[in-house]
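Starting from the known structure of chain E, fit chain L with the ligands onto it as the hints suggest.
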Amino acid sequence: MRSNSKLSFAHPPARPGEKPDFSAVDIPPAGVLAVPALDVTATDCIELANSLIRVLDDDGRPVGPWADYLGTPDAETLRTGLSDMMTSRVIDTRMLNAQRQGKMSFYIQQIGEEAIGCAFQQALRPGDMNFPTYRQQSLLIAGGYPLEKLLGQIYSNAYDPLLGRQLPTLHSAREHGFFTISGNLGTQYVHAVGWAMANALTGKENIAVGWIGDGSTASNDFHTGLLSASSYWPPVVLNVVNNQWAISTYTGVARGHGRTYAARALGYGLPALRVDGNDYLAVMAVTKWATERVRGGHGPVLIEWYTYRVGAHSSSDDPSAYRPKDEAKAWPLGDPIERLKQHLIARGDWSEQRHIQAEAQILAEVVEVQRRVEAAGTLLDPQPIPGASIFKGVYADTPEHIRRQRQEMGV
Amino acid sequence: MPHMTMIEALRDAMDVMLERDDKVVIFGEDVGYFGGVFRCTAGLQKKFGEERVFDTPINESAIVGLGIGMAAQGMKPCVEIQFADYVYPAYDQITQEAARIRHRSNEQFSCPIVIRMPTGGGIYGGQTHSQSPEALFTHVAGLKVVEPCTPHDAKGLLIAAMQDPDPVIFLEPKRLYNGPFNGDHAAPAQSWKAHPLGEVPEGHYAIPLGKARLHREGDAVTILTYGTMVFVAEAAVDRLGLDAEIIDLRSLLPLDLETIEASVRKTGRCVVIHEATRTSGLAGEIIACVQEACFYHLEAPIIRVTGWDAPYPHAQEWDYFPGQERICRALTSVMES
Ligand SMILES: Cc1ncc(C[n+]2csc(CCOP(=O)(O)OP(=O)(O)O)c2C)c(N)n1
Ligand SMILES: [Mg+2]
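Residue numbers (the working numbering), protein chains in the order written: chain E, 1 to 411; chain L, 1 to 337.
Derived by calculation from the structure, the hints in this document are not laboratory data. Where is the CB? At the ideal position from N, CA and C, for every residue including glycine. Some clues are possibly wrong.
As the list claims (entries may be wrong) - Cut-off 25 Å, straight-line C-alpha distance, at most; resulting in silico cross-link-like pairs (DSS-like, lysine-lysine):
1. E:K325 with E:K19
2. E:K149 with E:K392
3. L:K23 with E:K19
4. L:K23 with L:K46
5. E:K325 with L:K46
6. L:K47 with E:K6
7. L:K266 with E:K6
Stated by the list, open to error - Examples of chain E residues lying across from chain L (beta carbon under 8 Å, computed):
8. G183
9. N184
10. N220
11. L380
12. I390
13. V394
Only chain E is shown next, with the shape it has when bound in the complex (with noise of 0.2 Å):
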């Protein structure tokens, strides 16, 4: 007798060589979603989680209840989530010019997904920490993090607040509430839902903020963070990052058949909301509702922002090897940038001119910071880090083998 079953593999709607596909994007129009009460449950939450909260309809106009809780936020503060996204793009373009030109190993750029990092950033205050990843620099960015320090990390120098240990991009930035970045996928989501405990435990009205991609929610770490902020239901956001690809890999490989990976949390008790993070109005009244939620003691929550990569993974990637070159082209939710802009020129508080001003400004500002953090070292002009240094802060007292080592290393 023969088995009844085949195995099934997911297959991403296009490769190389055919035409981009989003037709099975369910995209619901902007403004049809509620707004939960801050202490909904999981139950309660099951539309949330499996369509999409949109604010900006195709026109650039914010439409429905989310965009009345969010109300309307005064010009500057979007002119400032301009700017932030702005800044991003522009290093990442340089940087990974710069990688390119030999100038460091490694680079990885969040292109697309600069609205989530940008707007969430906002609503945190001092003492709040992320757990982010390696796409998460906009959280730096727009946590007006000093770009000395963020260039001189991705260039290893001495600028490096971590002496080059860590490889570009894998930040660590107490003060800015910005955890260590781990390479290993996932560990860091768990730490979110520990240190969330912590500030319980200890009475800190201060919440933790998980980060993760939704590939990397395919690791045991995922679902132990899920379980655990269900048991114990400590002050954290839990952030998975859905820009559609893991490398190489087709997000429906992680997602398997279920729905949606908001839909996932449900499972574990606890409420989702699954948002357009091309649509930096959404991004800002979601993340509005989900910290006041998590601050006013209601419990943990879990977002899924449906964004997509434009770039390559990494500068080690080339995509064009398995998916359709004009594929972020033809992504339905456009650009994070553009429509803010539009949005912007819409109200009547920007113009096509004064952006134009704006990027030239940006760009000679990130330009300007880049000379100064190259003049203390590239790949292509090593001013090296002492190597003794790795030995420092191995361990807080430095063990009497390190000591040898050290000076069996000669210096």
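Structure of chain L with the ligands alone, referenced to chain E:
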């Protein structure tokens, strides 16, 4: 004989085995459609279909755990962990399950799985793309641990590993994927395509596990090493003009004790070299074996040259990497004793 890079040789081994044995399946992160981030499985899904070669979600413990279940049920999985640095979620499955299924079931079940992973540094990968975790596996009874350093051995050993009845950890020194490396990162990259050890026979051949390879014959001192360090050691020996014997261990568990002991008895001097951190590293075990068996033949203390006991750094990579300088110093000291 055709020349191949180590990547091509590994791919060829999997190709040969997929062809010969329909129980063979290959899977891991990005290995299916794309063919792996190092391209080791490129083209195999196209040739053998998705049921034989496929992508997995990012979960190493699932990759190994599924492989164990399949192996116990009679298949021959050869799975890829994208970098050895990412094997730790699977450590439970490897050390507590794969390694012991045969023994604890009194041989009712077995676990013929091969777990491939790129290992070692030299590529500016920082602490999560450079580790050498071999000692975490050589400490575990029931596992075999292999690390080739040439395309020829990579193919023959991978085929042997895939035919082995027990679980094999197959470490691939990623710095050697495209060519040998003498430790001088400023020197132009060499290619296997122009190197005698890049010659790889076509078709099926197996190199028995558990046998070391004599990389270079000599009488003055025995160098015991493996992986990337074989060629760095050779360059150091050339610099000093020493008549050193270099043994490429290539099977780290079990060790080829006979070859090791015969060489040290002949030379009376020994240096052990690996990239991995020093404390509780494999060199400690090798030195203990040599000391126990060859004490009365030794004319100098045995020295080890290893990575330092610190996380593998990004910018200070060449301070960390046990390069020619440090090996020359160790050799000189052993020769002067
Ligand atoms: C435990 C672990 N396994 C594998 C990798 C290799 N790896 C690095 S990034 C990546 C893909 C991650 O995709 P996703 O979570 O969707 O995040 P994205 O890169 O899309 O932001 C993989 C497999 C890793 N870093 N850690
Ligand atoms: Mg992704």
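Going through the hints against the structure:
1. Restraint check for K325 of chain E and K19 of chain E: satisfied, since their Cα atoms lie roughly 9 Å apart, inside the 25 Å limit.
2. Between K149 of chain E and K392 of chain E, the direct Cα distance comes to roughly 20 Å. Compliance with the 25 Å bound is thereby established for this hinted pair.
3. For the given pair, K23 of chain L sits about 36 Å from K19 of chain E by alpha-carbon distance, which is inconsistent with the 25 Å threshold.
4. Taking the CA atoms of K23 of chain L and K46 of chain L, the gap is near 18 Å; set against the 25 Å cutoff, the hint holds.
5. Between the alpha carbons of K325 of chain E and K46 of chain L the distance comes to roughly 21 Å, so the proposed pair stays at or under 25 Å and holds.
6. For the given pair, K47 of chain L sits about 20 Å from K6 of chain E by alpha-carbon distance, which is consistent with the 25 Å threshold.
7. Restraint check for K266 of chain L and K6 of chain E: not satisfied, since their Cα atoms lie roughly 60 Å apart, outside the 25 Å limit.
8. For G183 of chain E, the interface hint holds, the least distance from its beta-carbon to any beta-carbon of chain L being 3 Å, beneath 8 Å.
9. Evaluation of the N184 of chain E hint against chain L yields a held restraint, the C-beta minimum of about 6 Å falling below 8 Å.
10. At a threshold of 8 Å, the smallest CB-CB gap from N220 of chain E to chain L is about 6 Å, leaving the interface hint in force.
11. Interface restraint check for L380 of chain E: the shortest CB-CB distance to chain L comes to about 12 Å, outside 8 Å, so the restraint is violated.
12. With 8 Å as the threshold, the beta carbon of I390 of chain E comes within range of chain L, its nearest partner Cβ sitting at about 4 Å, so the hint holds.
13. The beta carbon of V394 of chain E is positioned within 8 Å of a beta carbon in chain L (closest approach about 5 Å), and the interface hint is therefore held.
Figure legend: structure checked against the earlier numbered hints; hints not met, in rising order: 3, 7, 11.
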